[in-house]
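**Q** Next come the chains, spelled out residue by residue.
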Amino acid sequence: MKKSWLIVDDSRVIRGIARGILRDLGFETDEAEDGKQALEACIKRMPDAVLLDWNMPVMNGIEFLRELRAMPGGTTPKVFFCTTENDMSHITQALETGADEFIMKPFDAEILSSKLALQGLA
Amino acid sequence: MKDDVFTFLAKLLRDQSGLALPRDKEYLLESRLAPVARQHGHQSIDAMCAAIRGGQNRAAERDIVEAMTTNESFFFRDTATFDTFRKSILPTLLTARAGSKSLRIWFAACSSGQEPYSVAMILEEERARFAGWNVEMVATDISNEMIQRSRNGLYTHFEAQRGLPIQLLAKYFDKEEQGWRVKAPMRERIKFRPFNLLESHSSLGVFDIIFCRNVLIYFDLPTKRDVLERMSRQMARDGVLFLGGAETVIGVSDRFAPHPGHAGIFVPAQAVALDRAVGQ
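Chains A and B are the protein sequences, given in the same order. Oh and the first sequence: position 82 is 82 in our numbering, straight run, nothing missing. Oh and the second sequence: position 32 is 32 in our numbering, straight run, nothing missing.
So that you can see chain B by itself, here it is in the shape it has in the complex (with noise of 0.2 Å):
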């Protein structure tokens, strides 16, 4: 790939989406955009580029966009979070919110949504605590075609099947000529919408949990930085950010803390709290 392309590629997914992407990834670009090059009439990514640079083709913007930052997901993924979230973070919550007895729960990168579904099952596994609560799940991605892919909550074979134990799968899906798909009852109770973490956070309101795992790796520092800034004007004071089992805030933001014993798993910071106490 010639360094102008890739330095167009990179300055477009860098402005759009904030993805960070170094030269020793230029694979990916090659590997995920040459479909996106055909599927647009064109030769070649070379190509392609030459005809986006020529006049705005917003169509071709936007699926490089959704090309570059759809990434992998399955249902469970990192079983240890979830087993963290049912055990210890969502009694504490069920506790500090048995007055409202109300939760709200942002998936900020949803992907093919079987990370907000998972949190489905464990909550209707555990309704019996539930009783009169109203509980509200946003599930929000980049990517349009993703938000459709979660919506339509039908998911193949293969995909079926990672990460997902059978008990969940019998109980929470149907079968279908496909594959197989998230009854109804259950999709419903995600609210799944397009969203660019780049943009304000504040229409979306306040969640007292928020998961943003394996998105942040994508960022270089100063946009990490500004998400999780704006991140931490969305959360309440006792709530809980779920980042990548590897990812830290430590050296990137002073707005959250390390959730003790919890790998991942991060509080707002005193200094949050501080703020919203004087009303900023």
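Same shape as in the complex, but just chain A (with noise of 0.2 Å):
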């Protein structure tokens, strides 16, 4: 069976590429434009892994993350940040709430396999 990505992005030509991307590498993806969103996805059905942007409107990357970890079988999915929020301090927040990767915007088919690799997921 297909592991499941939910991709949480406000941007819809991310949401794009990294649908193109994920699904190029076998995986299935479903998508949300915010933190809220992307609750209702996961109490729907828990994803195998979640791609998180950062700043999004009504709830963002951070917050929902923080929600996810509390909720139940919400340890289990593989959260990849992925940001233009680059500094120091969110990649150590991003760390410090649960999230077991960071990508750095802009990114490519190349960096986000090899973090998948990394996670056991590819």
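The hints are simulated quantities; they were obtained by calculation from the structure and are not laboratory data. For each residue, glycine too, the CB sits at the ideal point set by N, CA and C. Treat each hint with caution, since some may be false.
[Stated by the list, open to error] Derived pair list, reagent style DSSO-like, types lysine-lysine, alpha-carbon separation capped at 27 Å:
1) Lys171/B to Lys78/A
2) Lys78/A to Lys87/B
3) Lys105/A to Lys183/B
4) Lys105/A to Lys175/B
5) Lys191/B to Lys171/B
6) Lys78/A to Lys175/B
7) Lys105/A to Lys171/B
8) Lys191/B to Lys101/B
[Said to hold, decoys possible] Now the in silico label distances, taken between C-beta atoms and shown as ranges:
9) Ala47/B to Ala117/A: 37 to 47 Å
10) Asp24/A to Asp226/B: 19 to 29 Å
11) Lys101/B to Gly73/A: 41 to 51 Å
12) Phe8/B to Gln93/A: 56 to 66 Å
13) Leu28/B to Glu63/A: 49 to 59 Å
14) Met1/A to Phe158/B: 26 to 36 Å
15) Gln43/B to Met1/A: 57 to 67 Å
Please dock the two separately framed chains into a single complex, following the hints provided.
**A** Here it is, written out as structure tokens:
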């Protein structure tokens, strides 16, 4: 069975790029435009992994991650932040909140697939 | 590219670096040497070669060799190799060297430095096991430019993300305007120096571990054999040689034998141990 990704980003363009790369790598994908939509998606079906933007309307990435990790089954998905917020304080905060990996935008297929390999998902 | 130009460049590269360039790799000459030609004020690669042939031009020759021998590298390239290093090879050598508490590692073609820094990060993560040890890491490359890049330890946004876990980036790198730089204490742990594998290896001393991954594939058979023989003389009798996952010594040299169960990892053959025992 294909592993599932939830792509959480308010940019339709970024979601499209990520969708293309992840599907090419053999994954199933679902999408959300903000943290609140993403939490609703996780309640319906917990994904195997989440690609997560930081700055989004309604609920940002770090708030989503905090709530996800507190949900039943919410510690299971691998969470990859994928953001332009790439200073050390954001990286540290993401890791402390429970992110597994951190991708700095802009990214490409090589970066994403090498990060997946690090988490045993490639 | 004219035949005589290709022949001239192939000979130059073979003589100066051991690089064997088959005709089907002509496109590499075209793509990598066009910028070198421009940099030296020539309209084309043909024109640059004509100028070099007309007289000594060591700077252009050096830049040609550097451009053709520079290869892509990234952190923890082939993760399985580094897992084996950490989980199997390192513990065995730690036990074997418990008396001397000394370990020497050579990165024989370090390119832009990601391989030695990957190993340095592993050693740092395992530092509790190295208390009081003297661990020496020597990283060499034929390219002066690559050695300088390695010493600088500065990687672009893309390089810093390829293969490097974010936890290690956060721990061992500083963010700068141009990219991510390896922290000074880590950079200072590795001795970077230019070195041509075709030269005598004896000045380097004896190593417990040699990394020479994805290098021999660019040499012809006699050069591979020669380099492996030189390396065997610089290796402790229970040392370990890392080649690329698809590289082998079988049919190339009897100085090394495959490490049981690990693709791309080799140990000195019995013949080498016997040579040492009789003082050869």
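**Q** With reference to the structure, classify each hint as holding or not holding.
**A** Consistency of the hints with the structure:
{"no.": "1", "hint": "Lys171/B to Lys78/A", "result": "holds, 21 Å"}
{"no.": "2", "hint": "Lys78/A to Lys87/B", "result": "holds, 24 Å"}
{"no.": "3", "hint": "Lys105/A to Lys183/B", "result": "holds, 23 Å"}
{"no.": "4", "hint": "Lys105/A to Lys175/B", "result": "holds, 15 Å"}
{"no.": "5", "hint": "Lys191/B to Lys171/B", "result": "holds, 21 Å"}
{"no.": "6", "hint": "Lys78/A to Lys175/B", "result": "holds, 25 Å"}
{"no.": "7", "hint": "Lys105/A to Lys171/B", "result": "holds, 20 Å"}
{"no.": "8", "hint": "Lys191/B to Lys101/B", "result": "holds, 19 Å"}
{"no.": "9", "hint": "Ala47/B to Ala117/A: 37 to 47 Å", "result": "holds, 44 Å"}
{"no.": "10", "hint": "Asp24/A to Asp226/B: 19 to 29 Å", "result": "violated, 43 Å"}
{"no.": "11", "hint": "Lys101/B to Gly73/A: 41 to 51 Å", "result": "holds, 48 Å"}
{"no.": "12", "hint": "Phe8/B to Gln93/A: 56 to 66 Å", "result": "holds, 57 Å"}
{"no.": "13", "hint": "Leu28/B to Glu63/A: 49 to 59 Å", "result": "holds, 50 Å"}
{"no.": "14", "hint": "Met1/A to Phe158/B: 26 to 36 Å", "result": "holds, 32 Å"}
{"no.": "15", "hint": "Gln43/B to Met1/A: 57 to 67 Å", "result": "holds, 59 Å"}
Hint compliance for this structure: hint 10 alone is broken.
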